[in-house]
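Use the sequences and the hints to build the structure in full.
Line by line, the protein sequences give chains E and Z.
Residue 1369, in this note's numbering, is where the first sequence stops; the numbers in between run on with no holes.
Residue 496, in this note's numbering, is where the second sequence stops; the numbers in between run on with no holes.
It cannot be assumed that every hint is accurate.
DSS-like cross-link-like pairs, simulated, lysine-lysine; straight-line CA separation at most 25 Å [said to hold, decoys possible]: (1) E:LYS1368 x Z:LYS444; (2) Z:LYS313 x Z:LYS287; (3) Z:LYS460 x Z:LYS385; (4) Z:LYS232 x Z:LYS198; (5) Z:LYS444 x Z:LYS232; (6) Z:LYS309 x E:LYS1369.
It is worth saying that the hints were derived from the structure and are not from the lab.
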Amino acid sequence: MQMKATIPVLLALVSAAAAADVPQIPPGARLAATCVACHGTNGATQGNTLPALAGQPRQTLSDSLRAFKTGLRQSTIMTQIARGYTDEQLEQLAAYFSAQKK
Amino acid sequence: MKRRQFIQAAGAGVVLASTVGCATVSGSAKPQVVVVGGGYGGATAAKYIRMWSGGAVDVTLIEPNPKFISCPLSNLVLGGSRMLADLTMGYDDLTRKHGIRLLQDAVKFIDASQRTVLLASGATLKYDRLIVSPGVDFIWDQLPGMQREGAQDSVLHAWKAGPQTLALRAQLQAMPDGGVFAMTIPPAPYRCPPGPYERASQIAFYFSQAKPRSKVLILDANEDVVSKGPLFKRIWKERYKDIIEYRPGFNTADVDARTRTAMSEIGDQVKADVLNVIPPQRAGAIAVQSGLANANGRWCAVDFLTFESTAVKNIHVLGDAIMTAPLMPKSAHMANQHAKVCAAAVVDLLAGRTPEARPMLTNTCYSFVCDKDVIHVASVHAYDADKKTLLVVPGSGGVSAGPSALEGEYAMNWARNIWADTLS
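Following this line, the structure appears as structure tokens:
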């Protein structure tokens, strides 16, 4: 009887203690994760065909993404993808990938 | 008294951990996530929870197969331009680089009230959050003839990449020139909407090179090509006019494996030299057994903010097994994206934070129409708070203008990158 009462309390304490140790997910990481099935985890792209995103200058990434979105830059697929994001989201992506290690 | 009980409880935790080969004693203090299934959904979720929690969450991944074999690109094995070995990878990096505890085992039973998972080996794991990514299983009882002894050894599905892929390739190689390959397609939804049409293209490509008098007969339960329809039909007309015959509205009701005959629900019979039956599908068996398949007993409905089951608390479901949102395909790329929304939400929930209010995901599906040329379909999806589902962002997405070798390059590099994103 007493034991049954004790264990949930104990688990609750453990959970609370553990929760405090889980860090925040970095800003932009969730949104950037939508790009990286093609462009590699955190923009560390495998191979030489698809553009590597990690560590590119922020302005270059931002300009490219906007040019894809408007159609100024021709593409097979990126215009169709870029049109799914707001301009603010494209800026967040540019900021995130430019801050990643090459 | 209380003190002794505390020690017993703690001791039980250590015993539990040791039975599954847990080396870290401190592990028991961290939140525990157990992931069932090491495919595109499960392996990605396991990796991203470790990454995004900074190692503060323990993750155990349970997968019965010793290696990861990619379904995407496996139609190229049938077409003869790739080997299955090219699509086969190890799980070692998940342990080595990300500290995931990998168990080559199967789940026998999920006890949601105790939050435990019983494994085939006899071990029991405790979880704070469980992620189930079981893929699909086949609804064989809709095809009585396929349940006869030996039927499934001679009439193959090859809809899970592995030994069946190689066996179907061998049947195609053994078929004489002038023979008929017939493939049945189940009613949507099924895994990989463009997959059957890519397969037909691949086998037509193989025949055009090696057995030019042979035929590919597509027996489709659907009224039209389910994905990239205008593109596939144009390509078949331009490239495989004398090889591919497309027959829509052929809903396969039974199969005679001995005579390699498919029978439609209105009694049409088609006999082939090689018969490939893609059976009707539902969520993987463990999801169905665990009460997660609450949509028609076939698919698992989830809260798209977290991918938590709407049927069972603290259990999340990913990938092909879920009841999809509108225009969301059952694809590897989609499973990868489910996994990340889920991983972020699980980390947030374990930390006591509110998950992201407007998650997004993308999809790209590349289909090879010969050994080099490829067409794609793409889309971007965002959470709609009013409708409580993921919807295609208006204006986003689309298909290729036509097949190209450039997109063939992109497709191969997509594969390299999603494999790395999933496994290393």
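Going down the list of hints, with the structure as the test:
no. : hint                 : verdict
1   : E:LYS1368 x Z:LYS444 : violated, 33 Å
2   : Z:LYS313 x Z:LYS287  : holds, 10 Å
3   : Z:LYS460 x Z:LYS385  : holds, 18 Å
4   : Z:LYS232 x Z:LYS198  : violated, 30 Å
5   : Z:LYS444 x Z:LYS232  : holds, 23 Å
6   : Z:LYS309 x E:LYS1369 : violated, 45 Å
In summary, the structure is inconsistent with hints 1, 4, 6 from the numbered list given earlier, while agreeing with the others.
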